[in-house]
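Trainee: First to last, the protein sequences are chains Y and V. Residue numbers 1 to 115, in the working numbering, belong to the letters of the first sequence in order. Residue numbers 116 to 229, in the working numbering, belong to the letters of the second sequence in order.
No lab work stands behind these hints: they were computed from the structure. These numbers come from a predicted model, not from an experiment. Check each hint, because a few of them may be wrong.
[Stated by the list, open to error] List time: in silico BS3-like cross-link candidates among lysine-lysine, alpha-carbon distance up to 27 Å:
hint	chain 1	residue 1	chain 2	residue 2
1	V	K183	Y	K78
2	V	K221	V	K176
3	V	K164	V	K183
4	V	K164	Y	K24
5	V	K183	V	K221
6	Y	K24	Y	K68
[Unchecked claim] Partial list, computed: chain V residues near chain Y (C-beta under 8 Å):
hint	residue
7	S154
8	Q157
9	G158
10	L161
11	K164
12	Y165
13	L171
14	L217
15	F219
16	G222
We put the CB at the ideal spot given by N, CA and C, even for glycine.
For reference, the chains in residue letters:
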Amino acid sequence: DAGVIQSPRHEVTEMGQEVTLRCKPISGHNSLFWYRQTMMRGLELLIYFNNNVPIDDSGMPEDRFSAKMPNASFSTLKIQPSEPRDSAVYFCASSINRDLQETQYFGPGTRLLVL
Amino acid sequence: AQSVTQPDIHITVSEGASLELRCNYSYGATPYLFWYVQSPGQGLQLLLKYFSGDTLVQGIKGFEAEFKRSQSSFNLRKPSVHWSDAAEYFCAVGAYSGNTPLVFGKGTRLSVIA
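Given these sequences and hints, build the entire structure.
Mentor: Listed below in structure tokens is the structure:
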């Protein structure tokens with residue numbers, strides 16, 4: 001298996017521009033998580049989906065952030081407009097949704113720099 | 116509220132020396148505990164996890180961790196560190212049942228010197 005795939009791996013953009021991050025979960029996994037990693041706050045959850053349905057988006061910073069999962073094999077995280085404080089590493093993780101907790105597998109991350 | 120504390124921000128050990136990374140958690144129910152490792156510029160790789168049963172769990176790369184409920188701890192250990200172990204280590208807690216997000220500690224950066 002190719003593991004969780006994220007694109008782009010690196011993104012440099014200017015303040016005010018739209019940024020779209022993409023994630024392809026492991027085939028057969030039906031839970032998908034978006035995390036953000038910063039020096040100040042560490043790793044924190046932004047939003048997660050079960051069976052393509054958003055379950056908890058309370059971690060999404062503000063209305064500038066939106067996430068979608070149109071099908072089981074693809075998710076996007078969009079920032080519009082972007083701001084310098086959005087600079088971080090964004091990770092996507094996937095797992096199998098069963099009755100008990102399952103291991104989450106992480107992608108390599110997207111390193112975002114907003115100038 | 117769930118929380119994970121990793122008291123040591125940065126640890127330096129000599130190659131061949133033993134290692135212990137501390138992790139304390141706060142969780143209102145039965146926890147499911149994880150240790151992940153992150154090499155520079157890479158994603159997170161699972162080292163080991165504790166679900167139930169034997170409180171001493173073995174992981175990849177020669178790591179082990181011990182769950183101590185009375186101390187709310189899940190410390191990571193390795194008897195002999197290799198230079199390639201230099202990385203950032205994250206402890207995380209999740210719910211026992213259901214597939215829920217993990218709560219991570221702030222991480223401990225491990226440096227290995229010759």
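Trainee: Check the structure against each numbered hint from earlier and tell me which ones fail, lowest number first.
Mentor: 1, 7, 12, 13
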